[in-house]
Amino acid sequence: MSESRNISLPVLGQVSRRTALKGLGATLGLAAFAKAMAPLTEWAADLSLDEFLQKHYTELGPDELKRVLARLEQETRQQYGADVTITDHRPEPGVQFGYALNLTVCIGCRRCAEACHIENNHDRATNNSYIRVLEMNKGSLDLDHANPHYDHAVPHPDKFYMPVQCHQCDNPPCVHVCPVEATWKESDGIVVVDYNWCIGCRYCEAACPYHARRFNWTKPQIPANEINPDQSYLSNRIRPQGVVEKCTYCLHRVREGRLPACLEACPTGARVFGNMLDPDSEIRWVLDNKRVFVLKEDLGTQPRFFYFFS
Amino acid sequence: MLMSLAVAGCDAEPEPEAGPARQPTSAPPADPWLHPVLVNQPAGPPRIETGRVDAHGHEVTVSCATCHDVLEPNPAVSRGQQLTEFHLDLEMAHGELTCVSCHNPGNYDQLRLADGRSLEFVNVMELCGQCHGSQRRDFEQGAHGGMTGYWDRTRGPRQRHSCIDCHEPHAPAFPQMKPVFPPRDGLPPGTQPQP
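Protein chains in written order, with the numbering used here: chain A, 1 to 310; chain B, 311 to 505.
Pulled out of the complex, with its shape left as it was, chain A reads as follows:
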């Protein structure tokens, strides 16, 4: 046990080389550990213990969920100065949502993207929106030459316009790749994200062939008077920094029977939404009577978002 005597105080001249090296290794190890843990101390500053210990959305009991919603409302009040109501909208039996878009009448005005920006409490500085309107050459569906950044009077006579948002795939690659099951498909067909469970690895963003997911690089900045107070846990509540978000067909609206914000904003009536299980619904009429197609059908994603020409 001669070593235990030396560990207590490694003074030069009294210790063996072995002990000195051990001391050096321990010191470096401690320093590296402290450095590695340093972000955690900063991170914990705006992370409450409740949030750290919060369970996955699907495992929350009614009382736990109530507390979580109350905490999120309070955090929104503290951080953004806005009084909001965060509700938990659940899917309803007998409802399967479908969406169709008429490419003949879409003029590419981006009113849908603007409505999404406002409705879903997107970061103001980035113009973020779940909808990306692609300007395409007439007679072609070549996405490599699609331009989402056009800024001229629309519609251009040589172009057509194809808004792309989450297709709520029945075989969603984004869900399959999530390593922590923070995103899943609900029984009414909507693919959702638990923003408090997401670890921000962005696998889903890479997996989505429609470029439909967005990552919150920064904490979203929205003036208090512009915040939409009608919010839902899985939908348009203000997302934290470092998590992925996506279109939910305005889950907080459609699960109340209302139409999505992008549809109401469309000045040309290009958008058709409804319950695909209702044989009298508008969406069913379009699916039954128009030549609809889905984007990148060959990938087998089985989207619930359909395009058609009228």
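A portion of the hints provided could be inaccurate.
Said to hold, decoys possible - Taking lysine-lysine pairs in the DSBU-like style, the calculated list, with each CA pair at most 30 Å apart, reads:
| no. | chain 1 | residue 1 | chain 2 | residue 2 |
| --- | --- | --- | --- | --- |
| 1 | A | Lys138 | A | Lys159 |
| 2 | A | Lys185 | A | Lys55 |
| 3 | A | Lys35 | A | Lys66 |
| 4 | A | Lys159 | B | Lys488 |
| 5 | B | Lys488 | A | Lys138 |
| 6 | A | Lys66 | A | Lys219 |
Don't read these hints as lab results, they were simulated from the structure. This one's a predicted model, so the numbers in the text were calculated from it and none came from an experiment.
Chain A is already provided as a structure; the job is to place chain B on it using the hints.
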């Protein structure tokens, strides 16, 4: 103006003063458990601005009949520039139509269908639907013209545009417009892809 619109229930019984034509509707025959689909309608016959203001500061407008009752209809006129007074700046870009293709030369406060029947202005969609059958069909099925409100009519009503909400009847092609902001994809200003 034509664009000043009133809202009327299309599920309601036809009003007695309405012409023989029914308002087009996307709703199935009134289901008592469903909320109505309300289709926008013009308030009535258009009023022509005289450019004068009354003692209260209100625009003085006159009905079509004020002038047209004493004027002989000229079926050859097809655009504003052919006139010597009134409607001179009316842009007309609607195929080969002339004024009396749609306006009733016997009563300019009404419209006239292709078969000669008179039609009140509130039922203008009946007139448009004579030629634009595919659009009329799509509208009736909810696939043309847009809407606001509820997809689920067991929970709330729905409001729909009429033809002339979006299409100026004299030049109905949808106009070009400036798009709203382009996306910045979360990138800082100056580093975005160029249009």
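Taking the hints in turn, this is what the structure says about them:
1. Lys138/A - Lys159/A: Cα-Cα ~5 Å, so holds.
2. Lys185/A - Lys55/A: holds (18 Å)
3. Lys35/A - Lys66/A: Not OK: Lys35/A and Lys66/A at ~38 Å, beyond 30 Å, violated.
4. Lys159/A - Lys488/B: With a Cα-Cα distance of about 15 Å, the restraint between Lys159/A and Lys488/B holds, given a limit of 30 Å.
5. Lys488/B - Lys138/A: holds (20 Å)
6. Lys66/A - Lys219/A: holds (24 Å)
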